[in-house]
Amino acid sequence: MASSTADSPAGLSLEPQSRRVGEKAIVAWLFLAALAAVLITIAIVVALLEPAAEFFRFVSVTEFFSTARWTPTQADPEFGVLRLLAGTGAAVLYSCIIALPAGLGAAIYMNEYASFRVRQVLKPLLEILEGIPTVVYGFFAVAFVAPLMKDNWWTWLPGQLGEEPGTQFILAAGVVLGIMIIPTVASVSQDAMAAIPRGLREAAYGLGSTRMQVATRVVVPGALSGIVASFVLGLSRAIGETIVVLLAAGAMANLSILPNDPVFTMTAFIGRTSTGEIAYGTTTYYSIFAVGALLFVVTLVVNLISIALVRKFREVYE
Amino acid sequence: MSHQSVRTRTAVQAVRDSSLRLEKRGVDVAGELFRAVLLLCIVLGVLMLATLLAYVTWRGWPRLDLNLFTQMPSSIDLTTAGFLPAIVGTIWIMLGVLVTVVPLGVSAALYLEEYADTERWWNRAIEVFIQNLAAVPSIVFGILGLAFIVRAPLALGPVAFAGSLTLTMLVLPTVIIASREAIRAVPSTLRQASMALGASKWQTVWRQVIPGAVPGILTGTILSMSRAIGETAPLLLVGATTFVQFLPEGPLEGRYTAIPVQIFQWVVRPQEEFRVLAAAGCLVLVVLLLLMNSVAIWLRARFSRES
Chain H
2 MASSTADSPA
12 GLSLEPQSRR
22 VGEKAIVAWL
32 FLAALAAVLI
42 TIAIVVALLE
52 PAAEFFRFVS
62 VTEFFSTARW
72 TPTQADPEFG
82 VLRLLAGTGA
92 AVLYSCIIAL
102 PAGLGAAIYM
112 NEYASFRVRQ
122 VLKPLLEILE
132 GIPTVVYGFF
142 AVAFVAPLMK
152 DNWWTWLPGQ
162 LGEEPGTQFI
172 LAAGVVLGIM
182 IIPTVASVSQ
192 DAMAAIPRGL
202 REAAYGLGST
212 RMQVATRVVV
222 PGALSGIVAS
232 FVLGLSRAIG
242 ETIVVLLAAG
252 AMANLSILPN
262 DPVFTMTAFI
272 GRTSTGEIAY
282 GTTTYYSIFA
292 VGALLFVVTL
302 VVNLISIALV
312 RKFREVYE
Chain G
34 MSHQSVRTRT
44 AVQAVRDSSL
54 RLEKRGVDVA
64 GELFRAVLLL
74 CIVLGVLMLA
84 TLLAYVTWRG
94 WPRLDLNLFT
104 QMPSSIDLTT
114 AGFLPAIVGT
124 IWIMLGVLVT
134 VVPLGVSAAL
144 YLEEYADTER
154 WWNRAIEVFI
164 QNLAAVPSIV
174 FGILGLAFIV
184 RAPLALGPVA
194 FAGSLTLTML
204 VLPTVIIASR
214 EAIRAVPSTL
224 RQASMALGAS
234 KWQTVWRQVI
244 PGAVPGILTG
254 TILSMSRAIG
264 ETAPLLLVGA
274 TTFVQFLPEG
284 PLEGRYTAIP
294 VQIFQWVVRP
304 QEEFRVLAAA
314 GCLVLVVLLL
324 LMNSVAIWLR
334 ARFSRES
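Quick mapping for you: the protein sequence lines, in order, are chains H and G. In short: position in the first sequence from 1, add 1, done, that's this note's numbering. In short: position in the second sequence from 1, add 33, done, that's this note's numbering.
Calculated directly from the structure, the hints in this document are not laboratory data. Every clue listed holds true.
Partner residues are not named here, just some residues of chain H that face chain G (Cβ under 7 Å, in silico): (1) VAL28; (2) LEU31; (3) ALA34; (4) VAL39; (5) ILE41; (6) THR42; (7) PRO125; (8) VAL136; (9) GLY241; (10) THR243; (11) THR268; (12) ILE271.
Every residue gets a Cβ at the ideal spot worked out from N, C-alpha and C, and that includes glycine.
Kindly generate the complete structure, drawing on both the sequences and the hints.
Given below as structure tokens:
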């Protein structure tokens with residue numbers, strides 16, 4: 002095509018005057034910058050896998066997943082990572098019991114009930130809640146929430162449930178973790194609800210539906226995949242959160258989901274062990290990376306599910 | 034006539050009855066209950082925010098004095114201890130993040146919005162990688178920083194700039210996503226007009242698109258900075274040390290600490306005085322964040338009004 006314009010009767014060339022080498026170099030740099038996300042991900046995998054492989058020379062993979070105890074610092078160390086996984090699971094469970102319903106409820110209220118003015122106030126408030134640093138939440142958990150719960154524990158509960166907890170226990174960490182992820186769940190859910198076409202809502206009102214019926218039978222089912230994605234995203238944030246569980250959930254690798262027991266989570270183990278005095282090259286040192294690799298895989302799977310769900314819900318109404 | 038009036042009366046009565054029924058249907062008990070539950074959900078969040086702020090203010094108030102900002106941390110005299118090294122460390126770290134993340138993030142966003150062909154699989158793959166990176170736990174970035182930045186191949190050692198680079202990787206997706214939105218909001222007619230006047234693609238991007246997207250990019254940058262400033266977990270791994278009684282010499286030499294790390298170290302100590310110090314530190318951090326966020330919100334509001 003370029004040659005045909007050059008040969009055109011007017012003799013006009015639409016080719017650039019110079020070959021624009023500089024412009025090509027700029028595009029190459031921009032592409033490299035975009036590629037940084039890929040490179041960082043690869044670097045993460047390498048940084049985790051290399052020392053993790055070293056770890057698995059000392060402890061076999063089956064041992065890692067089948068041993069019942071997690072005692073890396075003792076004289077005869079045992080590395081049963083299921084204890085840490087269970088600890089993460091317990092903390093995440095309590096946080097989700099709070100954050101998922103509350104986040105969804107807040108999203109429905111903001112999208113379907115709140116007036117424009119109320120929304121103008123609520124949205125920045127939730128953004129502030131989302132922006133508060135984890136170390137502040139951790140302080141709040143350990144200095145305010147935990148003592149408050151400990152002093153007012155439901156001691157009339159039967160059996161172990163009625164025992165007063167120590168200074169660190171699952172429920173304190175779970176509740177604060179839950180509050181922390183409410184804004185994430187609420188804002189992603191609300192985005193999904195806002196994508197429901199007005200016409201659907203108005204049709205439902207026209208047929209005589211009440212507000213509640215519109216919310217529960219039109220908006221929520223229509224935004225379901227986005228809502229599920231928000232749940233998954235909240236879950237992944239709770240799994241990966243370090244400081245709150247490090248401060249409030251304790252450091253005992255218990256196999257328990259009782260709210261008054263302390264547990265040790267994957268992130269808390271990494272945080273605690275890497276800040277302590279750990280000799281470089283020991284099995285315990287390498288175990289940080291093995292646990293980190295497991296954490297990365299768990300959140301990767303959760304994130305990919307969430308990304309796929311968001312894609313799906315976008316396709317429905319666009 | 035009386036005949037008619039009886040009929041009319043009956044009709045009026047019927048209408049009244051039915052409207053009465055309609056009104057009764059209007060009081061929807063389940064609906065009101067549902068609304069109350071929803072309101073409770075949102076009040077829970079707001080109430081917790083209020084409790085947190087009130088508690089931190091109440092606990093930290095006695096130590097919110099000048100010493101906090103001008104003194105070194107101490108384990109002996111807690112009534113005059115401060116966290117000056119942490120403040121200086123945070124300033125160094127944030128400067129490092131700013132000069133690395135903005136060029137990288139904006140360039141990546143420009144590529145994805147202006148140059149990338151979304152039909153190509155590699156461009157779609159890049160987007161998935163960015164989305165995934167945004168949700169990688171922050172402590173994993175700490176491990177990466179420890180393995181590649183503090184130790185070989187970069188081998189910077191535990192210095193402030195190692196912390197900066199770690200946080201840069203952490204907030205890069207946020208900056209990219211925000212910059213992309215800002216770039217997308219620049220009207221395409223501007224681009225077409227520029228191209229029609231004979232500007233090259235890059236000239237168009239440099240002189241039209243980037244200036245138009247600056248407010249949005251700025252907002253995204255401030256928000257990502259406010260996320261980076263409060264991050265604790267990754268810095269614990271890349272050598273923000275626990276107890277620094279001197280000022281860091283610069284971004285590339287000397288040990289350092291940061292405000293959230295210093296707070297963390299105060300929180301783990303059980304003594305009452307440390308708790309008060311931690312609360313005062315939290316208060317400073319929260320106020321700093323509120324300031325940054327309100328600037329971002331103000332910028333966004335101004336920006337959206339203009340366009």
